[in-house]
Amino acid sequence: MDKFHSLKGIAAPLPIVNIDTDMIIPKQFLKTIKRTGLGVSLFYEMRYDNDGNLIKDFVLNTSPFNQSKILVAGDNFGCGSSREHAPWSLKDFGIRCVISTSFADIFYNNCFQNGILPIVVSPENLDQLMTAAKNQIEFNIDLPEQIIKAGNHSINFEIEEFRKERLLQGLDDIGITLGYQDKINAYEEDKKNKKPWLFKDT
Amino acid sequence: MSNQGPKTLFDKIWSEHLVGQREDGTNLLYIDRHLVHEVTSPQAFEGLKLSNRPVHRPEATIAVADHNVPTINRQNIEDPQSKIQVETLAKNTKEHGIQYFDLMDQRQGIVHIIGPEQGITQPGMTIVCGDSHTSTHGAFGALAFGIGTSEVEHVLATQTIVQNPAKNMRISVNGELPFGVNSKDLILYIIGQIGTAGGTGHVIEYAGSSIMGLSMEGRMTICNMSIEAGARAGLISPDQTTFNYIKGRPYAPGTEHWDQAVEYWSSLPSDNDANYDHEIVIDSSEIDPMVTWGTSPEDVVSVKGTVPNPSSAKTENKKKSIERSLEYMGLKPGTKITDIKLDKIFIGSCTNGRIEDLRKVASIVKDKKIASHVQAMIVPGSGLVKKQAEEEGIDIILKDAGFEWREAGCSMCLGMNPDQLKPGERCASTSNRNFEGRQGRGGRTHLMSPELAAASAITGNISDIRDFK
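Protein chains in written order, with this note's numbering: chain A, 1 to 202; chain B, 1001 to 1469.
Hints in this document: simulated from the structure, not taken from any laboratory.
Note that the structure is a prediction, hence the values are computed from the model and not measured.
Don't take every hint at face value.
With a cut-off of at most 30 Å between alpha-carbon atoms, the simulated DSBU-like pairs for lysine-lysine come out as follows [as the list claims (entries may be wrong)]:
1. K34/A - K1094/B
2. K1336/B - K192/A
3. K1366/B - K1399/B
4. K56/A - K1318/B
5. K1336/B - K1366/B
6. K3/A - K183/A
Restraint ranges, calculated between C-beta atoms of paired labels, are given here [stated by the list, open to error]:
7. K1091/B - G151/A: 48 to 56 Å
8. G179/A - D1105/B: 32 to 40 Å
9. K34/A - Q1004/B: 47 to 55 Å
10. D142/A - S1267/B: 47 to 55 Å
11. G52/A - E1286/B: 44 to 52 Å
12. D1271/B - E161/A: 28 to 36 Å
13. M1/A - Q1004/B: 32 to 40 Å
14. K1318/B - Q169/A: 34 to 42 Å
15. K1167/B - Q169/A: 23 to 31 Å
16. K1320/B - Q181/A: 49 to 57 Å
17. D172/A - D1079/B: 28 to 36 Å
18. T1315/B - N185/A: 15 to 23 Å
Backbone N, C-alpha and C fix where the C-beta goes; we use that ideal spot for every residue, glycine too.
Let's have the full structure, built from the sequences with the hints guiding it.
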């Protein structure tokens, strides 16, 4: 997995609440069997009209926001489906950090599987960062120090230690768990005796 | 979470499935059953191949294609991409020795319908699937939640998942349900109360006499939409209703283990003095049949109500959000809900595509005709639901009323197959999400119960089942 250490750049403001995964990447793009190539379809229905032309005033279609690596968005970002196509499309577009007041659980988790840092801030801080984003002020995201700097603002954020380490080191989660294979096998042997009906094959 | 003291249903399932702690402090949770479908699995199988990893326990996994499948002609999937995705699932499951119900198998259907139907879903299990509506299986007292594709790969490779415990929330609904009010109305009402982020970080346990009085089908509808309240999972205590439902199903415990299983299942309900991080108590007499007016499942109102006015919003953000929804939905504030005219009716989905739902619809539309300006379709949740309905003559009643009778699949709930709304079309839908573009670009979705959708199909307007004759 790609590592995440720090990030510098302007941030795209998207002041909409409850941005769901259907908005982030609509269903017609879930038919792929690859993880890549979805960036062009990110926020498809907000970015393109019915004829497939760019909607000029949508933030990610305007310069310099079309180069954003950071997104600042309203409450409950990523609600809805479990589709990992949502973080895949963000990442393929170039976005590596999303800032909001809250994230849906599955989306939040999916971000970390893909080297994307979701940051939770207070409503007051979100307002400040949204304004800074609109004013094209450069953001500086420092994961080791857990700080967002934007203009005069310096905002600390929380992140669980294991998630931070995984991003910093780009760890392979499955590889780590396979190191516990003996424990998994022992668990299964124990349950085969205690709850034999669970081991009836599907 | 301590191992001592009273425990909730969630706590009990959690501690039974803890394999151990990894060095990074995270918990490894054992997964009893893994359900796999065509949309969120190809990249996971590809990942296994690239790293040369086998599937740890293929017999704990079951696969079916549901999202992409056509509901008219089963022989041929016209969309080449959909076709590749379905074929890829067939190939991957064959390669890894995973049981797969193909499109011609009568057991094929929506993954969350067939798990319970086959007896795969059982109390006390952990169940995952690369689909957010996995919460459905919580109706059996199983800890069931949706996961992303990377986690699908993790479960295939290790039969475990990396998780930290959720918080406990209990929502108790007490009292006899008023006439015309059923499980869909309950869950829409609850989401309206707590909001789409109200359950974030929590597992919601539904309790109280109104909940425990529901059939398994009704309980599944409730748990299914837990994700729409932002919850990680929904749970309902297993009881005799649960055991009766499971007994005799193909993958249920056989006679040799049945008593042992029931004894264990009976130990699962939350202890009396268990502690919850949040508690909500609702009196069911205050609930009306509910309908959504906007583009989030929390945008609910009584069918007797009106479209809200943005100026009544408490915050500026909420006001903007209502304005945006109303513009998308093409609705004016103050419009009576029952004055909203419909173009399409969709009855089906993992929320309301079970036999009980179809029976209710049939009882309402029997000997009637759908309004001349609406198109109505019924998509059974599985091939076996369809077969059952046909044995009961339900298909004849529905077809006589003017409904299209389709093959099983997710269909217009998310419109990955050809079943989609056109821009501006307005649909009464028994599904679970009314997001912008969900049922088709520009499509306008009103979520409601099968009863309301059936009555609305006949009148052509959103209708209150209580006024329907």
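So, going through the hints one by one against the coordinates:
1. K34/A - K1094/B: holds (20 Å)
2. K1336/B - K192/A: Given pair K1336/B, K192/A is violated - Cα atoms ~58 Å apart, limit 30 Å.
3. K1366/B - K1399/B: Roughly 10 Å between the alpha carbons, so the hint for K1366/B and K1399/B holds.
4. K56/A - K1318/B: OK: K56/A and K1318/B at ~26 Å, within 30 Å.
5. K1336/B - K1366/B: Satisfied, since the Cα-Cα distance of roughly 27 Å is no more than 30 Å.
6. K3/A - K183/A: Distance ~29 Å between K3/A and K183/A Cα, so the pair holds.
7. K1091/B - G151/A: 48 to 56 Å: holds (53 Å)
8. G179/A - D1105/B: 32 to 40 Å: holds (38 Å)
9. K34/A - Q1004/B: 47 to 55 Å: Given range 47 to 55 Å: holds, Cβ gap about 49 Å.
10. D142/A - S1267/B: 47 to 55 Å: Once the Cβ atoms are compared, 49 Å apart, the range 47 to 55 Å for S1267/B and D142/A holds.
11. G52/A - E1286/B: 44 to 52 Å: holds (48 Å)
12. D1271/B - E161/A: 28 to 36 Å: This hint holds: roughly 32 Å between Cβ atoms.
13. M1/A - Q1004/B: 32 to 40 Å: Check passed, 38 Å falls within 32 to 40 Å.
14. K1318/B - Q169/A: 34 to 42 Å: holds (41 Å)
15. K1167/B - Q169/A: 23 to 31 Å: holds (29 Å)
16. K1320/B - Q181/A: 49 to 57 Å: Given range 49 to 57 Å: holds, Cβ gap about 51 Å.
17. D172/A - D1079/B: 28 to 36 Å: At 34 Å between Cβs, range holds.
18. T1315/B - N185/A: 15 to 23 Å: Violated, since T1315/B and N185/A (Cβ atoms, about 53 Å apart) do not stay within the stated range.
The structure fails hints 2 and 18 (numbered hints given earlier, in ascending order).
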